[in-house]
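Protein chains in written order, with the numbering used here: chain A, 1 to 495; chain B, 1 to 137.
Calculated directly from the structure, the hints in this document are not laboratory data.
Chain A is nowhere near these chain B residues, computed Cβ spacing over 12 Å in every case:
1) ALA19
2) LEU26
3) PRO32
4) ALA37
5) ALA47
6) ARG59
7) ARG60
8) LEU62
9) PRO102
10) PHE132
Now the stretches of chain B that chain A is said to cover, found in silico as 3 or more residues with beta-carbon under 8 Å:
11) 63-75
12) 88-97
Restraint ranges, calculated between C-beta atoms of paired labels, are given here:
13) A:GLY154 / B:VAL51: 38 to 44 Å
14) A:THR485 / B:ALA103: 52 to 58 Å
15) B:LEU4 / A:GLY154: 50 to 56 Å
16) B:VAL51 / A:ALA175: 38 to 44 Å
Glycine included, every Cβ here is placed at the ideal spot set by N, Cα and C.
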Amino acid sequence: MTVRVVLPILIPLAVATACLLAWRWRRLQRVLALTGAGGHLAASLWLLEEVSARGIQVVQVGNWPAPFGITLVADLLAAMMVAVTGLIGAAVAVYSAATVDPRREAFGYYLLLHILLAGVSGSFLTGDLFNLYVWFEVMLIASFVLMALGGERGQIEGAFKYVTINLLSSALFLAAVGLLYGSTGALNMAHLAVHLRDTPSGLSTVLAMLLLAAFGIKAAVFPLFFWLPASYHTPPTAVAALFAGLLTKVGVYALIRVFTLIFVQQPALTHQLILVLAGLTMVTGVLGAVAQDDFRRILSFHIISQIGYMIMGLGLFTPLAVAASVFYVVHHMIVKTNLFLISGLVHRLSGSYDLKSLGGLYSARPLLGVLFLVPALSLAGLPPLSGFFAKLFLVKAGLAGGSGWIVAVALVVSLLTLLSMMKIWGEVFWKSGPANAPESTAPAPLGMWLPAVLLALITLAIGAAVGPVFELAARAAEQLMFPDTYIQAVLGGKT
Amino acid sequence: MRSLILVTASRYLAPLLLAASVWILLRGHNEPGGGFAGGLLASAAFALKVVSNGVAAARRALRVDPHWLLGAGLLTALTSGLPALLAGRPFLTAGWIAVPLPAAGSWDAGTVLWFDAGVYLVVLGAVLLIVFTLAEE
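Let the hints inform the model, and build the full structure from the sequences given.
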């Protein structure tokens, strides 16, 4: 069934096209965007079911055989990522319909949302390195416009930094792809893996480092993370939530893909370096967050620190560790999107993102307080929430791999994360409200509550059903650590 | 400033450019050309109209909103992959039907041309969107 693999890309593209044709009818665009996001979610779950039941699914687009044509590959990792993308896309679409102002809607907000979803799904599903670059660009161009759309002063400033650093990263990526093609004559990732398998040359190490830098910028890994907190708090909350949930995770996905499939010749060098970067990313991210006083800036810095955990598993490079990484990415995408959505709710109800001028929300809105605690405590890693298990598996993998120091770092950072989540809790919800608090500015519509509650319930569900979810992640890691099935599926025995 | 020479010349040049753009689109399958080059040439015809008669006249000559061209083009390109999907083959697999020609032999109509026609419309829409917007600034 080749349809299932292409549908998660085709549906958002078709919706974007339909939105273009409905350019003058805002309401119609909104309906199209909501139905399309629902369809994308359904298609991505359909794909996950297929991949989980029958193994890696491959489509040779245009029926050009690999390695000459472009291959779409859905292994378990890709299918899981696409499924979470579908979930986040749907949540953000509902949230957007309730919050995005008419001006942004009139200038193609929903169109861009769906182009972004197509770009992210394409990045996850492609099996070709140059095609990955193309999907990256599709995603980035949509995100550039979403970041700047509306033209508020802060937004333009954030967008400028974001665009500049991402163009630099794209240039590095493209240079690496060109050099790889020049030295091996291959762009198909499975084909590249075969070419580079037994020949650790100086050039392949250089290329690995180039790609590490390129994807490291996109994933906001130390020391190339500074663009993220400078820009993520500027666009509307729905956009920030979408970016926080998806964009950096595409970078993490690309790192996992490339460093389990292609560059596995010298793990003592490359993966050890990734492990050190993971530790530094965790620490700098969380320290940055402690110093902040703006709700969304704190959350932005926590994205960075959490990226450290995700690549920690990749750096340890054992089946258990990579499984923990995959589990962590899934957990994090849901939790982080939810935290941003809730920051938008807080802003709607009390008119501010600044911790100093917020307060007393728990007595006014106890439900919102509880809703915040679920993802916040999950992010910090408290049992029995999903984040606890994610960290538990990483710690187990770290101890089993004999890297005690990274485990120590991870645990300390986890404590600091808890501290900073408690700071938000204390300032926004617990302390008594400011004396001259403006009356609740506007009631929050159902469309803002619904996605946040839904994502919180899913966080709880992952915590409750940790067995099956982790089993899926473990099978994904199995495919990643022993890529022969992947290569076989793509190249069909022609090695 | 309106130039009489340019206005008169563009009246004859624009149809020629449009005809040439279709010719380039059609020959593009086996020879240099195709949807991208054809679309550029077609938008040159309307850009000429902008220079000679102004944006409003060019918009009238185009008759439709460039946004609509973009959407229609993307839709055309996307749907060109669907026959393959319906036939159970990978997305975008090229399909061919031999159309018998009255004069001599037959002509191979394929989804490739269908896709290229989509590219033609997208390029036309995108370039004109830029040209019109810049000219109106």
